[in-house]
Amino acid sequence: MSITVNHITKLYGAQKALDDVSFSVGAGEVVGFLGPNGAGKSTMMKILTCFLPPSDGTATVCDFDTGKDSLKVRRHVGYLPEHNPLYLDLYVKEYLDLVAGLHGMRNRAPRVKQMIDLVGLGLEQHKRIGALSKGYRQRVGLAQAMIHDPDVLILDEPTSGLDPNQLVEVRALIKRIGEQKTVMLSTHIMQEVEAICDRVIIIDRGRLVADDKASTLRSNTQHRDALEVEFDGDVHANKLTNIVGILGAHRKQGNSWVLEHDAAIDVRPAVFRFAVDNGLQVLGMQKSERGLEEVFKELTRKGK
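According to the numbering used here, the sequence shown is numbered sequentially starting from 2.
In short, the hints are calculated from the structure, not lab data.
Where hints are given, some of them may not hold.
Cβ pair distances, simulated, as ranges [unchecked claim]:
#, residue 1, residue 2, range
1, 237, 285, 17 to 23 Å
2, 106, 285, 56 to 62 Å
3, 166, 86, 21 to 27 Å
All residues carry an ideal CB built from backbone N, CA and C; glycine is no exception.
Turn these sequences into a full structure, and let the hints steer you where they fit.
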């Protein structure tokens with residue numbers, strides 16, 4: 002296994018950021034590591050990259066213990082932190098050459114050029130990093146994470162700040178990288194996970210709540226269905242959840258809602274009655290594909 006986590010717990014004083022978390026990631030897998038803000042994602046990634054020690058439990062990367070063999074782990078890992086720290090006064094090419102030197106690489110120029118081409122920094126390579134947009138700084142961060150050709154990439158919000166075109170390009174890049182390397186990435190964009198990840202790990206309040214393929218997670222929650230409904234006026238979610246059989250209501254856009262309901266109940270007549278009783282018209286109604294976003298909300302619902 003490229004990554005093995007055994008019963009990891011991390012305490013910050015009395016606060017338990019991670020609570021007895023275990024999982025493994027095989028070579029060549031692209032895994033989405035998901036959870037709400039404060040769930041413990043970044044803490045786990047910092048443990049795997051030897052920036053933080055666990056309070057209890059062990060973790061290995063490429064068979065090296067993160068506590069006992071931290072230097073060996075770092076040789077095999079490329080890491081892009083959530084708040085991408087860069088030397089803003091350095092030029093892009095100069096910075097990547099510096100990082101390659103820190104890794105002890107010889108004949109660095111060809112590898113620096115390869116990384117610049119790979120992440121699309123050709124036109125920006127002679128600019129100071131401080132003059133770049135956030136999206137291009139993310140590309141610099143990806144290049145530094147990969148420059149020493151690591152076996153494992155750990156990427157914390159790698160597409161943060163990218164425009165739609167850059168988003169597509171970087172997703173494709175991560176997908177290509179995942180054909181040869183193990184990639185573990187965190188993101189809040191569910192479409193991104195479904196597009197590039199082989200598997201999904203979800204944690205909530207420090208505990209692991211799901212670990213499977215996205216398609217399997219969706220099928221495991223088939224006791225719920227989803228109905229997309231558009232009304233001709235505004236309505237509050239708490240009124241919709243009072244309809245018999247409705248388990249959750251999420252506004253899609255405008256007056257369109259995705260209504261989660263018990264799969265054993267046909268809620269359409271009740272929705273029509275609700276509309277009539279509240280002086281509304283139903284402009285559209287159709288079964289909605291239950292996506293990973295709905296599964297995520299169900300698994301991480303507060304107070305569950």
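Taking the hints in turn, this is what the structure says about them:
no. : hint                  : in the structure
1   : 237 x 285: 17 to 23 Å : 19 Å, holds
2   : 106 x 285: 56 to 62 Å : 58 Å, holds
3   : 166 x 86: 21 to 27 Å  : 25 Å, holds
No hint from the list above goes unmet by this structure.
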